[in-house]
Each structure stands twice: as C-alpha cells, then as structure tokens.
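S.K.: Could you build the full structure based on these sequences and the hints that come with them?
Heads up: the sequence lines are chains A and B, in that order. Take the first sequence: its position 173, counted from the start at 1, is 173 in our numbering, and no numbers get skipped. So the number in our numbering is just where the residue sits in the second sequence, counting from 1, plus 1000.
Treat the hints loosely; a few may be bogus.
[To be verified] Which stretches of chain A does chain B cover? Using the computed rule of at least three CB atoms under 8 Å from a CB of chain B, they are:
(1) 89 to 99
(2) 134 to 147
(3) 157 to 165
(4) 316 to 327
Hint data in this document are derived by calculation from the structure and do not stem from the laboratory. Where is the CB? At the ideal position from N, CA and C, for every residue including glycine.
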Amino acid sequence: MGRQGSARLTLNTGQPRQPFPLHGRPSILFKSNSTTMTSYHLDHLEYLETEAIHIMREVAGEFERPALLFSGGKDSICLLRLAEKAFRPSEIPMPFLNIETGHEFPELIEFRDRRAAQLGAKLIVRTVEDAIARGLAHPAPGETSRNKLQIPALLGAIEEFRFDCAIGGARRDEEKARAKERFFSFRDSFGQWDPKAQRPEIWNLYNARVNPGEHMRVFPLSNWTEMDVWEYIRKEKLDVPSIYFSHSRQCFLRGGQWLPVPPPHVDGSRPDPYAGARPKPGEQVRQLVVRVRTIADMISTGMIESPADSVEDIIAEVAAARVTERGTRADDKASEAAMEDRKKAGYF
Amino acid sequence: MPTPHPIELLRFNTCGSVDDGKSTLIGRLLYDSKSLMEDQVEALEKAADLSGGGTVNLANLTDGLRAEREQGITIDVAYRYFATPRRKFIVADTPGHVQYTRNMVTGASTANLSIVLVDARQGVIEQTRRHAYIAALLGIPHLVIAINKMDLVEWKAERFLEIRDEIENFLPKLGGFRDVKFIPISALIGDNVVDASTHTPWYEGPTLLSHLETVHIASDWNGTAFRFPVQWVNRPNNPTNAKLHDFRGLSGQIAGGIVRKGQEVLVLPVGIKSRIRDIHTHDSALQEAFCPQSVTLCLEDDVDVSRGDMIVGLEDLPGLESSVNARVCWMNLKPLQTGKKYLLKHSTQTVQAVVTQIENRINFQTLEPELNPASLAVNDIGTIRLKTSKPLVYDAYAVNRLTGSFILIEPGTHATVGAGMLLPPVERARHDYGDFSI
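M.R.: Spelled out as structure tokens, the structure:
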C-alpha cells in the first residue's frame, strides 16, 4: 500500500495529551514577545475555534442525550479536538456514533477505533447491513452504493439510543444546499430537514428546544472552509488517516473517476462485503499514486492523483486547487439537488 | 510557500428587494475574484445550456435549493466563503421577500458590514429604508449602498446622485453608522464590482471589492466590562485522581472585557463575591483572557454556580432586573400581543417572559415610531416591555451585543419568533449586597 503518510504526523499519537496541563505554554496573549503584550485579538482560526467550542458547550448545556458523529475523516477529527478543548478535564460528555456502509476504507476504521480509544470515549457503530436486515433500509434493485441507505441506519441509531442531538462535521462551503444550513438544524420526528422553515439563527443565541422524538443536528464547523480545516490540523498537529497522503494504490475508472480497488475477499464463508465496490469486467484498472481529498466510502470516493505527502503539501494543493472538494464525490454527482434531497430525508 | 490567505476576516451580508440582483452580485464577486472552482463554473455552464438560453446565470451559484432555482428567487439565507490576497470573507446572502425581516436579521446579526442593493430604475423603496434601518438597529458599523443595474439607466450620474441624496436625507434618522459608501454598479455585467467601470468616469470611488478589502474594521467585541455567562459546569468527578476529583471549573465564552488571575469578581444573580483562582484552556493555563475567548474559570471559593449564572467584574456592573425594555424584530405569522407568554433565551439562560406593553411600532414609510399599537405583525419592529420569571443579568445592546440580545421562543412549537435588543437598564446589580460569606 505504499508508505504510511501519517508517519510525519504522529506527533500526537502514542502519547495522549495531558488532559489539563496546569503549567502549560505561555499564554497566547504573549506569543509574539513575552514582555510586550499583543493586542486582544483573535486571528481567524482562533475565532473559528472559540465559535465552535461555544457551540459544543451549548450542546452539552442544552441537550440530555447528545451524540457526536465521528467517521475518522478530517472534519470530524477537528470536532474531536474541539470537544477536548470544550470539555477537558472532564470526559467528553457524549458518545461517538458512526454509521458504516460496509464499504469503508480499512485505514479509516482502524483510525476511528484508535482515536476513540485514545480519548476514552464510547464509540457506537451501526451498519447499513444491519439496517437492511432489520427492515429499516431497502436497497433499490441493482443499487450498489450504500450512501443513501446510511439515512435510515442513522435515524435508526438516533431512535435506538433516543439521541436528541447529533453533532456533525458538515461545512457550509462544501455544497450549495449545505450553504443554507444552520448551526442548530432542526429535524422533525421523521428526521427530515425542511429548508423552507428553518429557525432563524441570530447572534450566538441558539434555539435548542425539541419535543420528544424530534432532534437537532449541530454543525460547529459551519463557517470553516476546507483550507481552515487543514490549517487547524497543522496548527493542532492532529493525526489524520494515512489515505489523505499520497500513496500507491490500485484504482479503477468508473464514471470518470478513479475509485479504489477494495482489499481482496479472503473469508469465503461469508459474502464479500465489498461486492458492489469491485471493478467490473471492462473497467480500466491501474496502479496510481493517489490520495483522497474527501472521504466517503470506497464506492463513492474518487482518488486524486497527487504527490502531497504532508499537511504542508496538502495545504499548498488546496490553495492551488481548481476543483471543489466535493468534485471528487460520486454521491454528489447524481444531480444538482443530490445533497438537498438526501438532507431533506435525514442525511448527515 | 506563500501565505494562502490573509488573517483578517470580514463578515458581510447583502440585502435588497426581490430582483435587485443580490445573488447575481455575489456570483459576480466570486466569479471575477476567481474564487470559483472549475466544476462550479462547469455546472453553471451546463445549466445555462439547458435552461438559460446559453447565458450563465450567476445567481445559480448561491441559490442552492431546487425550489429556488425553479422560482428564480432566494428562499433562505445562504452563506458563501471566499478569500482574496488581502482578506477572508464570510458572505450572508439575505433574501428580500416574504420573511425579509427574519432573513435580514439572521444574515446581518453577525455582520461587520451590510450591502443594501438599490435598483437604479426603481430608486429608494420601502425595503431600502427597512434594510438600512435594521442594519443600524443591529449596530452594524459599515453600510454600502450599491446602486445596481446602472447599465439600465444609461450610466447616468444624475440618477446615481438623485438616489444618493434621497438616502442621505433619511440616514440621520437611523444614526449609528461609522461610514456609508455609495457605489454605482452593474452586477450583471460586472462594472465596479471587482473591476472598475469604463462607463462611470464621473465616479471616483473604489470598486465594491476594493472597498470590502480595505474598509477599516474594528473589533465588535466589548473590551471594557468583564462578562462571563456560565455555559457548563466542568466537574470531572474522577475518583482515581485527587486533583481532578476536586476540580470544579466554570466553562464559557467571555462575552465582554478581560479577566485576570486573582481578580475579584461577582457571581450574579446571587451576588456573591469571589476571586479568579485559575484561567484554564485545554492548551494552557492563562494569566488573563479576553472576549470572545472560550475558557474555564476556577474560583477561590466553593460558590454555588450553574449554567445561566453570570460572573462579572466589579466595575461597570450590569443591569439586574426582571422587567426590561427592548426593541424587537418580530418574525412569526402569529402576531406579538400583550399578555402572551414566551420563552426568552438570553446568554446561557432561558426564562419565561410575558409581554406587558407594546410601546411603539416603526412605520417604514416615515421611519417614525407609531405609539401604542395593538400588536406587532410579522416583519414589524417595535419597542416592548417584558416581565421575566427570573431577573436578567444584562447590558444595553448598544454597549454589548452578547449580553444585550435575546430571542423569544414560542412554547410548544419551539419556533424562534422574535429577536430582541435590550435598552439600557434602570436598576443595576450592586456588589455591596454580596458582602456576606457563605
């Protein structure tokens, strides 16, 4: 699989942060010079951070049973650091929740489990497979993507654990429908988003009231851009899954995108979990030097050819990018309103 | 490696009536400042071939919902992000129809600058006065009047000056703006948006983008009186670690002023004095912290403090009252009436509130208040008096946006129905009544 890109980034792993250094680094007020104080001013990343911490704490203060959606992707990695900043030295007062399609990158699952364990958090995993078995999700005939089937699986988990709030890492700059999203986004008892009847959101006063059966999706990274996320990862020295960095990988061409070839199916006693995600006869397969810019599962993540193997390189690449992040997502290419339709039904 | 973007962040919103070209203007800003990506341009061109008769519709960039594209209007506030080498921008595109006040207040409440669009053919309409009024009411320091569709009035300087004079005539009634800029533009063609127009030799001011990049923005945060609404009590209750077991922190975002280690503070509304023992963040312990940082404070004394309480400095004490006066923007189809009960969320506290009086309602034709109206309808703005079930610890909105604002929530539906800006308090908290120990 090539080199482990995250090797350069492991500053944080192996030695979990002290939850609360009582004798820490000098105050950020004195960062330029210890004798002259800089002005009382936050730079834009510090501003986005304090805004997000405030939102996290509002969730803890207002909801009885919140959960945090953690996939192991770059945005939710930032969410975890913000949760540490909001709640330490206490435990993070909510479990992590992840919905697996069954087509995940193995590297992502490994990262997710490791990070949750490091933080001492409870990780709840529910699968599309299980939702299908329980009759919650119904794949369309011939449908190979599990993307839409995550919706009933997620709503099933919210009902099962009676979550009244789910924190997610969605950003407004990702997509046009998301650009209309509130920080606190109300969902009715069917889990639906009604973009025409959103609660006005004024100043930093978030209306967190829900009736039983309804819930709230909360997006602390709403105002962050892709660049902000990577700069925050650099600033906080956050570990990210190796697939974000350049590596050599077998890919196949489908719908104009290079999709990753899944790991081989070895356990013959059970059906191939990646069945729909394998190249079909006639689809071109090639060994390429690639990385992911955004992660869904293997069947909907286009790999980009890139030599970027450090956070610095990625930041330079994002700065020079001429295509949006979601340009590499097969799930968004379905139609102009693909995201809006999924969001209305209860998608992340 | 070059710095990928500047540090300074400007938040602005665009407002105007239906068809004034707000979405087109934002599309133009993004397009001409090269902030669009190839796939976005491609999608625009694809849509142009299908439905636009070959013309790229810049409004499609922000009109993200299917119903918006169908009707060619903007339904809800949309946020956009772009950066130039000089600044980073967060743009709220606030639609100007039906729920215009609700949208304007939502989009503008966190803005440093408002752009009000005026259609050069139509000139000043009620909506123009309303938007300018709300911008002033919200305390937005910078106003830009973009006189759009100048191409449709043959780029006549007289028309521009006529509209400018009319607006300058009513601006003194609003007050409060630090600066007001008038710019003649054509969002459709692009004149004076990013690139200077060749059609307006009579105009010597900056283009819109150049103004956005250079206008001096000062901090909107209150830097004088320390205010700390407690959001969350941080108690690890860790039995295996003695230090953590006894840790009792108060987490929150500083809503005003500066706090220093050792400083004497007052806990409100109970009125108990204590001192700041430590200021924590996850990164380090601080000697001092300022608005709007998020921190965790530890007090010297074991005081009973919970979410909804406010910790303040001993100077410049806040109001402490359960009967308050406020300007309110009404955002619900069911009117606001005296005697009605609502939930009122102020800083980190939610209390019950009843409307005891509606003092006035603004007439947007004259911009004058009308006294003692029977109710406030959707989109109305007026001054009301409220009685709350618990006292509010607050400042005038004009002094501190964070401790001077509230929202009203309808019980049952939990709809956010009103946005309130508190007027100066009559009774203030006093620190002498806290001179007893517990």
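S.K.: Where does the structure disagree with the numbered hints, that is, which hint numbers, in rising order?
M.R.: 2 and 3
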